[in-house]
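Novice: Sequence lines, in order, name chains A and B.
Residues in the first sequence are numbered from 1 upward in steps of one, following the numbering used here.
Residues in the second sequence are numbered from 1001 upward in steps of one, following the numbering used here.
Hints listed in this document are in silico derivations from the structure and should not be mistaken for laboratory results.
Idealized CB from N, CA, C, for every residue including glycine.
There may be inaccurate statements among the hints.
[What the hints assert, rightly or not] Output of the computed footprint for chain A on chain B, the stretches with three or more beta carbons under 8 Å from beta carbons of chain A: (1) 1085 to 1092; (2) 1219 to 1229; (3) 1240 to 1248.
[Claimed, not checked] The following residues of chain B were derived to be distant from chain A, with all beta-carbon distances above 10 Å: (4) L1024; (5) K1050; (6) K1118; (7) P1123; (8) C1135; (9) A1139; (10) K1159; (11) N1164; (12) Y1171; (13) E1173; (14) K1177; (15) E1184; (16) K1232; (17) K1256.
[Said to hold, decoys possible] With a straight-line cut-off of 25 Å between C-alpha atoms, the simulated SDA-like cross-links for lysine to any residue are: (18) A:K229 to B:E1031; (19) B:K1162 to A:K229; (20) B:K1192 to B:M1075.
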Amino acid sequence: MAYTKRFDSRKFDELRPISAKVGVIPNADGSAMFKIGKTTAYAAVYGPRDLHPKFLQNPSTGILRISYNMMPFSGHGERVRPGASRRSREIAMVTQNALLPVLDLTPYPNSVVDIFIELPQTDAGTRCAGISAAAMALADAGLEMKDLVSAVAVGRVGGTLLADLNYEEEAYKEGSTDIPVAILPNSGKVTLLQMDGFIKQEELKKVLELAKKKCEEIYEVQKKALKEKFKVQK
Amino acid sequence: MKDSLKQKLIEYYKKGLRFDGRKLDEYRKIELKTGVTASAEGSARVKIGKTDLIVGVKMAIEQPYPDTPDKGNLMVNAELMPLSSEQFEPGPPGEEAIELARVVDRGIRESETIDTTKLCIIPGEKVWSIMIDICTINADGNLLDAAALGTIAALKDAKFPKLNKDNTVNYEEKTNKGLPLTNEPIEVTVLKIGDFLIVDPLPQEEKAFDARLTVAVAKDGQLCALQKGGTKPLTIEELDEMVTLAKQKSTMLRKKLQ
């Protein structure tokens, strides 16, 4: 059956309401909160700092280490057991790949930049919210960046192309394709791309164009939140 | 290192002051909000000064323990998340996290805060499990009091999810039925540094203390759990003084729950 009206009555290309805030974790060197719909991500940056165990150290560059975690009460349905899972490890890895292209860690040999992403509440799109939050946290930490990173999931639900799937849409019985995408807003280049489900080649191109447009909107929110923190008090 | 920090703290205490300008028996600003995450059955966010944490309550139907076939299960877990402090490392809960969870657990278990007999669905087969998770967002001292306060607030906020016909849980919908709560213990931690007693410690004070006492005070003023920390011994008179201070502070904290 065709998907003609969204469960939450959004337009097909419409994002859920977004809020973002920078500097939410005073202990961290940089931090941010990014909320899209009910999905809330916190990211904290610690570092560059000494890397232990020592055998992980790279004498030619600093490394980026990501941890992604859903709080035990944040999932749909039952409690999520704490601790790393195969899923969380994979997400941490693709998040690292999504963020690394904007960083230059060569001035910090043998060091690590740690990013911890935590989700207190989720409604799909968690890795994208985590990436958007982490990019702001990196900027807040004062690390030199070539670009920001903005991320959103797009997809095809019941044959209709749309942006920012929520949980109900991701679980849509008559076919759902979920495509998380991260884009460098200034160059338009893609740094995260995954997909679960079916799509035709020409649809993929169309939906990636949509993702690019939507990431530009997210970029504006990220920039505004960053400027808000560093605005000069009059 | 520890001794010079302690000397410095004591100099301040002699003037009746803390590093942040507070009095010895004064808490930082406390903020409490409930219903902070929709995916939990109950939740609360507590801020004490810059300390910030979330407590979530999840419910599930499980088998009862063999020795309590007609009672629901209760579990408290604390995650000292590396996001919240450079002192915390990823991995399974360490000593500090385990003590935190167990002291909060003891406060609510021993005061029979939850009437677990009312959580029984089929004796010996199906009971409600109440799972409490404490997650730190920013750790800046006194996680214990914050976690205990957040736990009571989250339990009060919790609503049972709906049941399907086959007695499985429908997490998408909540009923308006709350947990069977009979008590509201408040935990107050008192630190002894030199000859001084303080409450609501800063991280530096938690590094330099001689002895620590956490007191859980039930609604009627009785004590319902205790935990002494630190290596310095305490006299009975000192303990009594610490309990008096804890009881006095618990009235202020209890007001935050209303």
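Novice: Does each hint fit the structure? Answer for all of them.
Specialist: The hints, checked one at a time:
no., hint, in the structure
1, 1085 to 1092, "holds (count 4)"
2, 1219 to 1229, "violated (count 0)"
3, 1240 to 1248, "violated (count 0)"
4, L1024, "holds, 24 Å"
5, K1050, "violated, 5 Å"
6, K1118, "holds, 21 Å"
7, P1123, "holds, 23 Å"
8, C1135, "violated, 5 Å"
9, A1139, "violated, 7 Å"
10, K1159, "holds, 14 Å"
11, N1164, "holds, 12 Å"
12, Y1171, "violated, 5 Å"
13, E1173, "holds, 12 Å"
14, K1177, "holds, 19 Å"
15, E1184, "holds, 21 Å"
16, K1232, "holds, 28 Å"
17, K1256, "holds, 21 Å"
18, A:K229 to B:E1031, "holds, 22 Å"
19, B:K1162 to A:K229, "violated, 42 Å"
20, B:K1192 to B:M1075, "violated, 30 Å"
Of the numbered hints stated above, those contradicted by the structure are hints 2, 3, 5, 8, 9, 12, 19 and 20, listed in ascending order.
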